[in-house]
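When you get a sec, could you build the whole thing from the sequences and use the hints?
One letter stands for each residue in the lines below.
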Amino acid sequence: MINQSGDFGAFVSLLKQGDVNACNALLEHISIIMNQWCQKNKLELSWTTLSVKDESEKAIAHWVYNEFMATLHQNHTACNSYSEYKKKVIEIAGRMIAEGFKKFNDLLISGNNDAWKSINDKLKIYFAKWFYNRQLYLEGEPEDLFSSAIAVLFEKVSSKELQFTDSCGLKSYFFRILENKAMETNRKQAAFFKFQNELPDESYVSSMQDDKDELFLTIQNRIRELSEIEQHILIHYFWNEKKLNEIAEELRISFENCRVIKHRAIQKIAKSITVR
Amino acid sequence: MDFNDHKLIEEREIIEKYILGELPPEMEEAFEEHLLYCKECRDNYNNMRDIISGAQKALEKNVFEGKRKAERQSRHISINLLKLAAGFVIVIGLAFSIYYMVKTKGPEPVNLSCADTLTKSATSFDTLTKNTDSTIENKESTKTIPAQLYADAYKPLSYLEGAIDNQLRSESLKIISPKPSAEFHEPYVILFDWEPVRNESLSLVIKDNKGETIFESEISAPFTYMRSLHQGLYYWQLNTKDETLYAGKFFLR
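As given, the protein sequences belong to chains H and Z, one line each in that order.
Counting from 6, one number per residue, gives the positions in the first sequence under the working numbering.
Counting from -1, one number per residue, gives the positions in the second sequence under the working numbering.
None of these hints come from the bench; they were simulated from the model.
Listed next, the in silico EDC-like pairs over lysine to aspartate or glutamate satisfying Cα-Cα at most 16 Å (straight line):
| hint | chain 1 | residue 1 | chain 2 | residue 2 |
| --- | --- | --- | --- | --- |
| 1 | H | K122 | H | D111 |
| 2 | H | K248 | Z | E11 |
| 3 | H | K45 | Z | E30 |
| 4 | Z | K172 | Z | D191 |
| 5 | Z | K5 | Z | E38 |
| 6 | H | K127 | H | D171 |
| 7 | H | K122 | Z | E181 |
| 8 | H | K122 | Z | E184 |
| 9 | H | K247 | H | E235 |
| 10 | H | K273 | Z | D48 |
| 11 | H | K273 | H | E235 |
| 12 | H | K45 | Z | E27 |
Have a look at this one:
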């Protein structure tokens, strides 16, 4: 039985005894540590070749788990404290992610469809954020700018003109292309194009069935059902990375009020996920 | 802080702050360790991460959809304005015809009969309505052009379809990629690969569904093709100097 008060030594003992709950907890925890570490270092867990598409994260977590357990069984003094454990996990994961990205980069060079789809899907999210933050006015669709930048990236990568050592480098380069493309076409930075502060309509959301991601659809539908003010707060807090006090000021409500609204909105969404 | 008090964790939004990297370093480390021992917090962490990712994904679609929606709205407004203008022209035309009719009934002797006048004014009215109608028609037709073009882009071209059906000497090559009638989605990355690898290089020809050659070059397998192409149906062939070894097609969606 895992002691919730936090005795790391006791937890390690459970691991060595092969306690199933402890082993599962370790695997889940490794995944959390990796995610947080990648987020801080702007690395993409999904851009590795361990497993195609969205399974990369799980695959790396399993790999790190296996190597960590092997170390634990071989060397009894390998992990005496939580910080030592974390250091070890990051060391293994870092190595794994770097190796995985190297192979992923080779796939990109060879024009692998899945690898490029993964690049496309991820960069589109970052692009949307970049686009919105610059309040760009474009003659054509935002997709045109995005596609042309992806095409340049493809040319550079497939011709081996550029080699990236990590996903952070690739992302930085992509944004340099975007900036150049935006300037090239003399697209003015202006507050002309206003972001539609509303969520996609029903038909558009249903067309996302292609994503085969029911969870995201549930969340998106749930967000759409929220009140306008709740949507506004979530959009700016989670996506536009605004501070809660800034949002409160914008909406002319108190900070505490804003915090409560956000909290309730999250609870509503969380409830729909757990009910599922 | 006692992380065993889950109510407190919820109230202070610890999980959310942890994900967003907003906890002070010491508290972050302590909470992270707590996650190792606490299944409930790990589950809440995963839920919160899903919510954040879901919100981000929804908003990404929103940026792309937002502009289209705005354009749709402005197009809708301009069509309504056009209809309003057409209506205005019709009313003016009618008023003018009535005025003309009344005026021709005045004290001055009129050479034209009343029926003639009516026919004349009716003719001018017809012309006016016709003009306004055709303006609307033109606008409507420009509106339908993209859909028509879209359909056209997927229309099969019979002689190239025939080339596929004949299969020619395809048995001498095993095409690995693209698969017959493969569909590609953006970004269009098309891998051409076959077996066995031949000593001679083959010529790859890609044609659109109008039969126009959009790419022709000597290549060897595997070859990756990526250019900014429009959506539609495309035909491809692998040729030696003397003959076509394989003919196939693919769709860009």
